[in-house]
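K.L.:
So the chains spell out like this:
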Amino acid sequence: MTNTAEKKKQQPIAPKLEGEYTLRIPSQTDNLELIRGFVGKVADKVGFDAEEVNKIELACDEACTNVIKHAYSKDNKESTLDIVIKVDYQKFTLVVTDHGKGFDPKSIKIPDLKQYLAELKVGGLGIYLMKTLMDDVVYDINPGKNNQVTMVKYFINAQDSELHDKGKEK
Amino acid sequence: MTNTAEKKKQQPIAPKLEGEYTLRIPSQTDNLELIRGFVGKVADKVGFDAEEVNKIELACDEACTNVIKHAYSKDNKESTLDIVIKVDYQKFTLVVTDHGKGFDPKSIKIPDLKQYLAELKVGGLGIYLMKTLMDDVVYDINPGKNNQVTMVKYFINAQDSELHDKGKEK
Amino acid sequence: MENFTINREEKGGIAVLYIGGFLDAHTAPELESAIQKIIDTEQFKILVNFKELSYISSAGLGVFMGFIENIRNHDGDIKMSDMTPKIFRVFDLLGFPTLYDIVDTEEEAIEKFNS
Amino acid sequence: MENFTINREEKGGIAVLYIGGFLDAHTAPELESAIQKIIDTEQFKILVNFKELSYISSAGLGVFMGFIENIRNHDGDIKMSDMTPKIFRVFDLLGFPTLYDIVDTEEEAIEKFNS
Ligand SMILES: Nc1ncnc2c1ncn2[C@@H]1O[C@H](COP(=O)(O)OP(=O)(O)O)[C@@H](O)[C@H]1O
Ligand SMILES: Nc1ncnc2c1ncn2[C@@H]1O[C@H](COP(=O)(O)OP(=O)(O)O)[C@@H](O)[C@H]1O
Numbered sequence: 001m002t003n004t005a006e007k008k009k010q011q012p013i014a015p016k017l018e019g020e021y022t023l024r025i026p027s028q029t030d031n032l033e034l035i036r037g038f039v040g041k042v043a044d045k046v047g048f049d050a051e052e053v054n055k056i057e058l059a060c061d062e063a064c065t066n067v068i069k070h071a072y073s074k075d076n077k078e079s080t081l082d083i084v085i086k087v088d089y090q091k092f093t094l095v096v097t098d099h100g101k102g103f104d105p106k107s108i109k110i111p112d113l114k115q116y117l118a119e120l121k122v123g124g125l126g127i128y129l130m131k132t133l134m135d136d137v138v139y140d141i142n143p144g145k146n147n148q149v150t151m152v153k154y155f156i157n158a159q160d161s162e163l164h165d166k167g168k169e170k
Numbered sequence: 001m002t003n004t005a006e007k008k009k010q011q012p013i014a015p016k017l018e019g020e021y022t023l024r025i026p027s028q029t030d031n032l033e034l035i036r037g038f039v040g041k042v043a044d045k046v047g048f049d050a051e052e053v054n055k056i057e058l059a060c061d062e063a064c065t066n067v068i069k070h071a072y073s074k075d076n077k078e079s080t081l082d083i084v085i086k087v088d089y090q091k092f093t094l095v096v097t098d099h100g101k102g103f104d105p106k107s108i109k110i111p112d113l114k115q116y117l118a119e120l121k122v123g124g125l126g127i128y129l130m131k132t133l134m135d136d137v138v139y140d141i142n143p144g145k146n147n148q149v150t151m152v153k154y155f156i157n158a159q160d161s162e163l164h165d166k167g168k169e170k
Numbered sequence: 001m002e003n004f005t006i007n008r009e010e011k012g013g014i015a016v017l018y019i020g021g022f023l024d025a026h027t028a029p030e031l032e033s034a035i036q037k038i039i040d041t042e043q044f045k046i047l048v049n050f051k052e053l054s055y056i057s058s059a060g061l062g063v064f065m066g067f068i069e070n071i072r073n074h075d076g077d078i079k080m081s082d083m084t085p086k087i088f089r090v091f092d093l094l095g096f097p098t099l100y101d102i103v104d105t106e107e108e109a110i111e112k113f114n115s
Numbered sequence: 001m002e003n004f005t006i007n008r009e010e011k012g013g014i015a016v017l018y019i020g021g022f023l024d025a026h027t028a029p030e031l032e033s034a035i036q037k038i039i040d041t042e043q044f045k046i047l048v049n050f051k052e053l054s055y056i057s058s059a060g061l062g063v064f065m066g067f068i069e070n071i072r073n074h075d076g077d078i079k080m081s082d083m084t085p086k087i088f089r090v091f092d093l094l095g096f097p098t099l100y101d102i103v104d105t106e107e108e109a110i111e112k113f114n115s
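Line by line, the protein sequences give chains R, B, S and D.
Residues in the first sequence are numbered consecutively from 1, following the numbering used here.
Residues in the second sequence are numbered consecutively from 1, following the numbering used here.
Residues in the third sequence are numbered consecutively from 1, following the numbering used here.
Residues in the fourth sequence are numbered consecutively from 1, following the numbering used here.
It is possible that part of the hints are untrue.
Okay, derived cross-link-like pairs now, DSSO-like style, lysine-lysine, Cα gap no bigger than 27 Å in a straight line [unchecked claim]: (1) R/K41 / R/K121; (2) R/K153 / S/K86; (3) B/K86 / R/K145; (4) B/K106 / B/K91; (5) B/K77 / B/K45; (6) R/K121 / R/K86; (7) R/K86 / B/K91; (8) D/K112 / D/K51; (9) R/K41 / S/K86; (10) B/K91 / B/K45; (11) B/K91 / B/K77; (12) B/K131 / B/K69; (13) B/K45 / S/K112; (14) R/K86 / R/K101; (15) R/K45 / R/K16; (16) B/K86 / B/K131; (17) B/K45 / R/K77; (18) B/K131 / R/K45; (19) B/K106 / R/K16; (20) R/K16 / S/K37; (21) R/K86 / B/K121; (22) R/K145 / R/K101; (23) B/K77 / R/K41; (24) S/K51 / R/K86; (25) D/K112 / R/K45; (26) B/K69 / B/K121; (27) B/K91 / D/K51; (28) D/K112 / B/K131; (29) R/K91 / R/K131.
No lab work stands behind these hints, which were simulated from the structure alone.
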């Protein structure tokens, strides 16, 4: 993620709140509710409607659930989960970071839904959901250091801007 | 009737959750609600009853309000507020940190309530409240680097332990 | 604070599960063991009433995926009723309405079981 | 999401303020300007109904401290009613019940103003 300097431009449809929000929390399923509550409240304050807030909460839950389930070995008591929300005038960015073993995102096949349902598989829907719920989903994997998934929602006014296209290319 | 001495309430014998929770958030009053919501939820999950949860939320609000009002110059847009919650088997610790100008805690007179009320003063009640609501309140000031207030609630089982006394001496 | 609730009732040979609160990776094992218990008694007609459920993630959806094949092989089914629009939207996003019988009311589901 | 609400009614020469939600350092200025408006019209009998208030911090308490002297100098008062136990506890912790007339109901407060 680039650290773009904040441009204070008055936009037709602007977030009600800008800035950076960071949460570091033990990587345990019993913290999922806390995480959703926090992320949902920030999204609500930013000005997203209830349906969008729900989508952001769910996408965040799926990313965090993956960290909790897949990133660390079971007996690692020091495992943490970092959630960073960055809001600027053009987009809402949610970054979930772990310091675990990582994985190769290219090896993950995004399921063909029809085939998936026909095969009655369990699991493997998390990343698909994240990509469906958010505008952009990008992985940056550095095993043992930090593994990040960056999920973005663009504000309507920034939808067709050059900056948005730039964001997509990353 | 003046301020009633706080009776020791029934505390959780053992916390239902241990670990460290960190929140970094822009130093703005419109984030107070978010902060209270988060801290309150962690305290609730730890097992404190509603009355204790309320006290912890209020103490945290007062510490954060002080950072927002006093720590930074008004035009500093980069100002942040760090909240760390640490829960171990003996205590619930809430640390609020700013990176602002600091102050000399010794210069702050804890008001004599009767005199305070007689003089109809505005403000100056925040630190008094924090000390009333929590078991321990300790300041550690390093102007421009980090200024911390550490607030502790002990669990009943640790009330008379040596470790608790050690904590008090700090 | 109860973050997930589950209650079971019997309605004419159908096991009805009332689920409420948050169904996520933390609480999914509770639903899993409740359904497993039903199957252990050789009962395969299950109706899940979602009325009080306020949240579901893919971990919750996965529970149903894990049982449906076995249940249908025993001439049974998992039917679902009383979803709020919020919950239905998640099912819909994944195309689950083509796979599961999702109806408005418990009565409708029971009728379908009996027809 | 409205985090603080404030409504004003007139009851026989008394300005009644109904406050709700969270009264903290963020929302205290709204209460301050509402009380200032009342005083600007030379009205000094104010009743604050706390029924819907779910949270107060010292920033909220400070608002009352800022006006009470001036209001009493004009033979007026700020009376308070309908506090939940949670809110009353904060007032009590700071000894405010010795300074302010805190009563159970609006009627009681109005009677006290008229006696
Ligand atoms: N943070 C992570 N660390 C390690 N592996 C991950 C992480 N996130 C996803 N994965 C891998 O990607 C796979 C697909 O994830 P997902 O689509 O959410 O389905 P599921 O978690 O149900 O398998 C996982 O099975 C896991 O192998
Ligand atoms: N984080 C902080 N940074 C700088 N000064 C502080 C901080 N916290 C407290 N203070 C100082 O301590 C004083 C007393 O604080 P408090 O008891 O909360 O009352 P009030 O904030 O209403 O003045 C403040 O007026 C301020 O000068």
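K.L.:
Now tell me, hint by hint, if it's right for this structure.
P.N.:
Against the structure, the hints come out as follows:
Distance restraint check for R/K41 and R/K121: the Cα-Cα separation of roughly 33 Å exceeds the 27 Å cut-off, and the hinted pair is therefore not satisfied. Only pairs whose Cα atoms come within 27 Å are accepted, and R/K153 paired with S/K86 is accepted, the gap being roughly 19 Å. With a C-alpha separation of about 24 Å, the suggested pair B/K86 and R/K145 falls inside the 27 Å cut-off, and the hint holds. For the hint linking B/K106 to B/K91, the alpha-carbon distance of about 26 Å falls within 27 Å, and the restraint holds.
The straight-line distance between the Cα atoms of B/K77 and B/K45 is roughly 33 Å, outside the 27 Å bound, and the hint therefore fails. For the suggested pair R/K121 and R/K86, the alpha carbons sit about 35 Å apart, so the restraint of at most 27 Å is broken. Distance check on the hinted pair: R/K86 and B/K91 sit about 33 Å apart at the alpha-carbon level, beyond 27 Å; violated. Only pairs whose Cα atoms come within 27 Å are accepted, and D/K112 paired with D/K51 is accepted, the gap being roughly 19 Å.
Our distance criterion of 27 Å between C-alpha atoms is met by R/K41 and S/K86, whose separation comes to about 17 Å. Pair hint B/K91 plus B/K45 holds up; C-alpha atoms about 14 Å apart against a cutoff of 27 Å. Only pairs whose Cα atoms come within 27 Å are accepted, and B/K91 paired with B/K77 is rejected, the gap being roughly 35 Å. Between the alpha carbons of B/K131 and B/K69 the distance comes to roughly 19 Å, so the proposed pair stays at or under 27 Å and holds.
Taking the CA atoms of B/K45 and S/K112, the gap is about 42 Å. The hint is violated against a cut of 27 Å. A C-alpha spacing of about 25 Å is found between R/K86 and R/K101, which places the hinted pair at or below 27 Å, so the restraint holds. For the proposed pair R/K45 and R/K16, the alpha carbon gap of about 7 Å is at most 27 Å, so the pair holds. A distance of roughly 19 Å separates the Cα atoms of B/K86 and B/K131; the hinted pair therefore holds under the 27 Å criterion.
Note on B/K45 and R/K77: the hinted pairing holds, with a Cα-Cα distance of about 19 Å set against a maximum of 27 Å. Between B/K131 and R/K45, the direct Cα distance comes to roughly 31 Å. Violation of the 27 Å bound is thereby established for this hinted pair. Annotation: proposed proximity of B/K106 to R/K16 is violated, straight-line Cα distance about 39 Å (limit 27 Å). With a C-alpha separation of about 49 Å, the suggested pair R/K16 and S/K37 falls outside the 27 Å cut-off, and the hint is violated.
A C-alpha spacing of about 40 Å is found between R/K86 and B/K121, which places the hinted pair above 27 Å, so the restraint is violated. In summary, the hint linking R/K145 to R/K101 is supported, as the alpha carbons are separated by about 8 Å, within the 27 Å threshold. At roughly 22 Å between alpha-carbon atoms, B/K77 and R/K41 fall within 27 Å of each other, so this suggested pair holds. The hinted pair formed by S/K51 and R/K86 fails the criterion: a straight-line CA distance of about 35 Å is larger than 27 Å.
With a C-alpha separation of about 42 Å, the suggested pair D/K112 and R/K45 falls outside the 27 Å cut-off, and the hint is violated. Distance restraint check for B/K69 and B/K121: the Cα-Cα separation of roughly 18 Å lies within the 27 Å cut-off, and the hinted pair is therefore satisfied. For the proposed pair B/K91 and D/K51, the alpha carbon gap of about 34 Å is over 27 Å, so the pair is violated. Between the alpha carbons of D/K112 and B/K131 the distance comes to roughly 35 Å, so the proposed pair goes past 27 Å and is violated.
Distance check on the hinted pair: R/K91 and R/K131 sit about 16 Å apart at the alpha-carbon level, within 27 Å; holds.
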